[in-house]
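K.L.:
On the provided structure of chain W, position chain Z as indicated by the hints.
The lines below spell out each chain.
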Amino acid sequence: DQQVKQNSPSLSVQEGRISILNCDYTNSMFDYFLWYKKYPAEGPTFLISISSIKDKNEDGRFTVFLNKSAKHLSLHIVPSQPGDSAVYFCAASAGGSQGNLIFGKGTKLSVKP
Amino acid sequence: EAGVAQSPRYKIIEKRQSVAFWCNPISGHATLYWYQQILGQGPKLLIQFQNNGVVDDSQLPKDRFSAERLKGVDSTLKIQPAKLEDSAVYLCASSLSSSYNEQFFGPGTRLTVL
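Chains as they are written, first to last, in the working numbering: chain W, 1 to 113; chain Z, 1 to 114.
Derived DSSO-like pairs (lysine-lysine); straight-line CA-CA distance at most 30 Å: (1) K5/W / K62/Z; (2) K44/Z / K71/W; (3) K105/W / K44/Z; (4) K5/W / K54/W.
Just so you know, the hints here were simulated from the structure itself, not pulled from any lab data.
The following block holds chain W by itself, in its conformation from the complex:
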């Protein structure tokens, strides 16, 4: 029973364009969401987070949008750069910032020069 779903295993984008990574969840108790980026042979690194009381959070080139009614969130990267090529994991918790994280399977982003 997958509570956090990333239905696109991979995404390819041209440098300079927008990358949109999607994540769906089933547990209505989730109230805190995070995105992690992972390069090969490294551990995931925290990218950006959003609380369920917000619908948007922005940090530089990265913006996360949350649609609670659709149980859907997305990560926008604008403009995309070759260094953004990595696997992106969506994660959610049901205890605010204190809950344990449930991760999706990840989406591999390739940004082509």
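P.N.:
Chain Z only, in chain W's frame:
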């Protein structure tokens, strides 16, 4: 600031053997997590420590897995005996406290069970 350290980086063992992984979290981080990441999946929490106490081990297969954090700093995760399905990357992460969910991950230990 030094990151989360893990060793070994790679380990190959035969089924029914034992193996242990070591993790040293970021200095001052009270909360430590062990995750299992099977190929093609996201990380799955095995156990969470707050200082040297266990907060959540509900997903730890306790018949074969054990973990300890005796002095509230570094931690070891042991598998005894290993099964083929234990082949995965074992990630250690730490955070300032359990109320700070931006976890910092180590590079992981890739375990192959033959």
